[in-house]
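Trainee: The lines below spell out each chain.
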Amino acid sequence: MSDLGTAGTKRSARHLLKANAWFVFAFLYVPIVVLVIFSFNDSERVNVWQGLSARWYGEALGNTQIVSALRVSLIVAISSTVVSTVLGTAVALALDRYRFKGRRALDGTVYLPIVIPDITMAVMLLVFFAEAFKLIDTFGPRLTLGVTTVALSHIAFNISFVAVVVRARLDQFDRTLEEAARDLYATPWRTFRRVTLPLIAPGIAAGALLALTLSLDDVVISAFTAGPGATTLPVYVFSSIRQGVTPELNAISTLMLTASITLVVASLALQRPRSTTP
Amino acid sequence: MSSDAVTSASPPGADAGVPAVELHGISKRFADVVAVDGVDLQIGDGEFFALLGPSGCGKTTTLRMIAGLDIPSEGRLAIFGEEVASWPPDRRPVNTVFQAYALFPHMTVAQNIAFGLQMRGIRGPDADRQVAEATALVQLEGMEHRRPSQLSGGQQQRVALARALVNHPKVLLLDEPLGALDLKLRQEMQVELKALQREVGITFVFVTHDQEEALAMSDRVGVMSEGRLLQVGTPAEVYEHPANRFVADFIGRTNLLEGVTEGPSAVRLDAGAVVAAANELAAGSPVALSVRPEQVRLHRRGEAPGDTPCLDGVITDATYLGHAFVYTVAIGPTAGASGTNAGERAATITARSETGSAALAAGEPVSVSWSPGATTVVAD
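The listed protein sequences correspond, in order, to chains A and B. Take any residue in the first sequence, note its place counting from 1, add 72, and you have its number in this note's numbering. Take any residue in the second sequence, note its place counting from 1, add 498, and you have its number in this note's numbering.
Calculated directly from the structure, the hints in this document are not laboratory data. Here a beta-carbon is modelled for each residue, glycine too, at the ideal position from N, C-alpha and C.
Which stretches of chain A does chain B cover? Using the computed rule of at least three CB atoms under 8 angstroms from a CB of chain B, they are:
#1 243–251
#2 264–271
Incomplete in silico selection of chain B near chain A, CB under 8 angstroms:
#3 Asp588
#4 Asn593
#5 Ala598
#6 Phe602
#7 His604
#8 Gly614
#9 Met617
#10 Arg618
Distance windows between CB atoms, simulated:
#11 Gly523(B) <-> Phe200(A): 54 to 60 angstroms
#12 Phe578(B) <-> Ile188(A): 57 to 63 angstroms
#13 Phe172(A) <-> Ser584(B): 19 to 25 angstroms
#14 Arg171(A) <-> Thr732(B): 40 to 46 angstroms
#15 Ala240(A) <-> Phe578(B): 40 to 46 angstroms
Please work from the sequences and hints to get the whole structure.
Mentor: Have a look at this one:
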């Protein structure tokens, strides 16, 4: 009897879980599908369907403000990803294998940018840049907020995310492999190049992808630390929403979505095991 | 691993010229733990040497110090006369077969084997030829393009061997290389590894906790316990003449009969008998008499040859093993012997006899004897 009861409970639990999975799926993807469909809407108004057209894509790409914002976004995203991937990987390696003074403190604080609210981080960085500029200005050069400060801010939070992802990969890394390489006449550097780096590369790639995505997504920190002429695409979209949602924004959003998906697919392909040529 | 081509037959033994490995007062401390404590050891060129001991005895740390993966806290370490204690592992002419093999998972079998050659700048056809030779040596032809994860444990072990041997190291270090294999494969690999060592003529230093494996494979054995090297000798020496109680107990099965010495040729057993046993200890030293089970002879009470000194006892257990019987015999005060003295304590002896002889049953009164040469007096 109790067996039957358990089986029944199990069955209904399974159905419930299945329904839940579909609900979550719909919750996540229906808005996206709607967005994509309406980006091909011919109508001037966002919520009135008038027929299929790619006209808003043309309008968006013809808009110099959008193109310039896209350019800023790409410069910031790529430069901050490259720098934060290198620095974040270095931090993860240092925390993983060396015992040095202040290691515990660094271990605790390196992840802080992940937990502190964006707005706090944004204000913090703005104050920092203002004070730093004041100091540097006394020596002559006049510095202002711009693309560089946005990129620096993105590096500041991206280092933490890269470090977390790489560290997780390092936790699974078998240090005996490095000993084997050293035993087989590899210098410490070549051991890193030929054994450690290839094996933690998926973690580094995942960290870099996360950094790129976060940088392309960021609004709050970018808005605070950008000067004139350094408007990123999300900041532009956010500010133009105040004049009402236009089909043009749907088109831009769809383009950003396509870019993100392409990045994820590329990264997954990179992470697949493949043969390395010696 | 063909055993037919014995290309090099350098005589094993520590006395053949410059020792392959030489340790002088080597110690290793980790924080406040002494892992290796003042080890002196010489391993001869071409020797198959086993470092044997229970886990945590310091044998692996000793091996890692020879490899350069751990740096000694104290002492001198020479490989073929060259002082290497402070050299990094990539400069030492030794290679290691790691316990879990440590094969590079992102490389194929051939790439794994070629790694050491590449690091020494050997590339192209010359490297290809050497990799092919090493692959053939361990019978892995056809597996070159597989990845370690696609191989069985035994095959991975062969890759690890080939990856080390392709470099023609002066000394090959093996850290429990057969530990991860099942019993049957393990026994096969013991034979193959021994044949391979004869074929390549390289000095092997083999770490194991399995005393049977150490005795079966090596030219000489070093027994370690708690960071110290207790005894070094041929398997026969270590088995037949253990240097102390630990070695006697650890190597093979033995009976350790407690007693005290009575002069240079006799030991008074706690079980209440004085038996002949040569020793060099002062009279009255507490010792144990080590008697191997296969050296113990059992006679039905009263049937022993007249001139043989015997201990009386009673069989408490008889186990049939197919090829042999194993008997447990209680001796001493409770075993029905006459004239029990104060201070005498009961003991048990394990005896082993071939199944051809007449079987004895539990409860049967017996006399136990052995030839005096078959025993060793061991102290702590």
